[in-house]
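Colleague: If you're matching them up, the sequences are chains B and H in order.
Each residue of the first sequence is one higher than the one before, counting from 1 in this note's numbering.
Each residue of the second sequence is one higher than the one before, counting from 1 in this note's numbering.
None of these hints come from the bench; they were simulated from the model.
There may be inaccurate statements among the hints.
Any copy will do: because identical chains look the same in the list, a pair fits if it lies in one copy or spans two.
[Said to hold, decoys possible] Here are the computed lysine to aspartate or glutamate pairs in the EDC-like style, where the Cα-Cα straight-line distance is at most 20 angstroms:
(1) K116 to E171
(2) K112 to D291
(3) K112 to E5
(4) K262 to D323
(5) K116 to D16
(6) K144 to D291
2 protein chains.
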Amino acid sequence: MRIGELVTPALLVDADALEHNLATMAVALPGARLRPHVKAHKCTALAKLQAAKGHKSFTCATIREVEGMAAAGLGDDLLLANEVLDASRLGRLDARVTVAVDSLQTIEAAVKGGVKEVLIDVNVGLPRCGCPPDNAGELAGMAKSRGLTVRGVMGYEGHAVGLDDRGLRQELVAASMAHLVKAHAAVGGDIISAGATGSYDINTWANEIQAGSYALMDTAYAKLGLPFKQALTVLATVISVSPDGYAVANCGLKSLAMDHGKPDMLGGGDVLIVSDEHITFVPEGSVAVGDLVRILPAHIDPTVAYHQQLHLFRGDEVLESWDVDLRWW
Amino acid sequence: MRIGELVTPALLVDADALEHNLATMAVALPGARLRPHVKAHKCTALAKLQAAKGHKSFTCATIREVEGMAAAGLGDDLLLANEVLDASRLGRLDARVTVAVDSLQTIEAAVKGGVKEVLIDVNVGLPRCGCPPDNAGELAGMAKSRGLTVRGVMGYEGHAVGLDDRGLRQELVAASMAHLVKAHAAVGGDIISAGATGSYDINTWANEIQAGSYALMDTAYAKLGLPFKQALTVLATVISVSPDGYAVANCGLKSLAMDHGKPDMLGGGDVLIVSDEHITFVPEGSVAVGDLVRILPAHIDPTVAYHQQLHLFRGDEVLESWDVDLRWW
């Protein structure tokens, strides 16, 4: 199939950029040093390529992601790096499932749901989940007393990983990981899990990195000067051209997320507004009604979650179409 | 089923608020005076309730929406208020389909695809689709010469409908509609289609209003002081409570859209950050891990597009679960 035959808007994945990204990361963080986060792409076909590069343990954000990975035969070591109050769907899976806990209630949920292994989720500065570092040891004791195996700790330095200034990023990652290392000393276990694409080469305290965006990338992460290429674009059709110098393509708020700001036009151009089904832009050169354009989303995760498929392409050819099969909850 | 049995995050529709909204609009704009826009809810079950209130003609934004409405038996008079370059899927439908055109190319696409009826889409000030008002007559002539029936004009005053200041909104709607009325004089036909929830009682120039959000509403439209109630919330579970005074629920960027800004917590509370699967908020009162909370999205359309179902409820009971069956393209 040719790209021009796709119904637009459609998610395109540049095959060479993806291969570059997967290979680059596999050298930097080989095997279990990387626990790829599937929330960024929500696609078991892509996860299989990550596994083929040597990463057999994965990070998930939702129960549905864990279920989908298990069903796809990728259940060697699945971490749900998130708190859940009903773990019964996890306990039923034919897979090794570890769940994050940060409270008595989430420990009880793991026990009740039949999950055997947990990580103590530690707050390392991001105002989100995780227990205070000083409470980690006590929580681990509670978990063990309820029959759970505590594999170690996790702590996400999400307030640090997106900072443009590498020096500042390093400082904040170091400060965050000081909390996590201290908590780990009290908790024990083999695993110190943390990190993201923005700290993959900075976070040397964690022994596994939960990076996900590196595979496909977005414009927010592109600003950090990382060695990963933009592999993901939204393909759209120009449906209207105004004599006032702007054009409109059929890609809007239901095909890309705006929480990290406006997208960019691949090849240049200025995005004026994005509405439900439209993007209005001033093109770099001339465009005509019917032309295909490609748009670089600012934030990959909630962009992919809008789509049914990722289309792997090279040149003008669609090589494979992958289901975004890990959507929803 | 009880609300507490739903997998969270989940979209809830307040049955009484929805009924109030549908009834209020049916009185204000009875029958064909309203051409409900299905892009806001993407749900044929909800569209059937609109039809039961007397609105038999509908507005769609995508080919998929037109297909789904036709398949659901709601194909009496479907307007695709958008430009398409491949109308072949529309031409095959067993339904009355009218498509917006604003260029020679979109006219040719309608002819080639087998669509028989069109509206001339006129730019009335929003930098998006639509021909210049002065070109509308000429375009209508071209469409007629190619064998198409021109039913009239449409023009969306999207730059006006969301303005908080009612006086300013009235001014801009009037200025926009002056363009549309002028274009209509050159084009002819029975239909002058325009408007939205924010101009439903202001736009007296159009003879049919394309409102969609009124049925479920969002916090952006709530600011306008319209007589419609907030019927849509996202149900989420509190998964973590920090000793620092904030809590975290499992509703994030993949379950609500952020293009119109942060959501609000129903019943009060201050939203701090929204990340992929989390909302961090300072609760109004005390909350505990496991509590259910409800979140009011800022923009309904791209919020609903993330979900598989809308759950109609009253009190603690889920009355019906409707598929969001008009998603994608």
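Colleague: Each hint: holds or not?
Modeller: Cross-check of the supplied hints:
Taking the closest pair of Cα atoms, K116 and E171 never come within 20 angstroms of each other, the shortest separation being 36 angstroms inside a single copy and 64 angstroms across copies. Taking the closest pair of Cα atoms, K112 and D291 come within 20 angstroms of each other only across two copies (18 angstroms); inside a single copy the shortest separation is 56 angstroms, beyond that limit. Proximity of K112 and E5 under a CA criterion of 20 angstroms is satisfied inter-copy only: 16 angstroms between copies versus 50 angstroms inside one chain copy. Taking identical chains as interchangeable, the C-alpha atoms of K262 and D323 are never at most 20 angstroms apart, the minima being 26 angstroms within one chain and 30 angstroms between chains.
In this assembly of identical chains, the alpha carbons of K116 and D16 never lie at most 20 angstroms apart, being 40 angstroms within a copy and 44 angstroms across copies at closest. For the homomeric pair K144 and D291, neither the shortest alpha-carbon distance inside one copy (61 angstroms) nor that between copies (25 angstroms) is at most 20 angstroms.
The structure is inconsistent with the numbered hints 1, 4, 5 and 6, although it conforms to all the rest.
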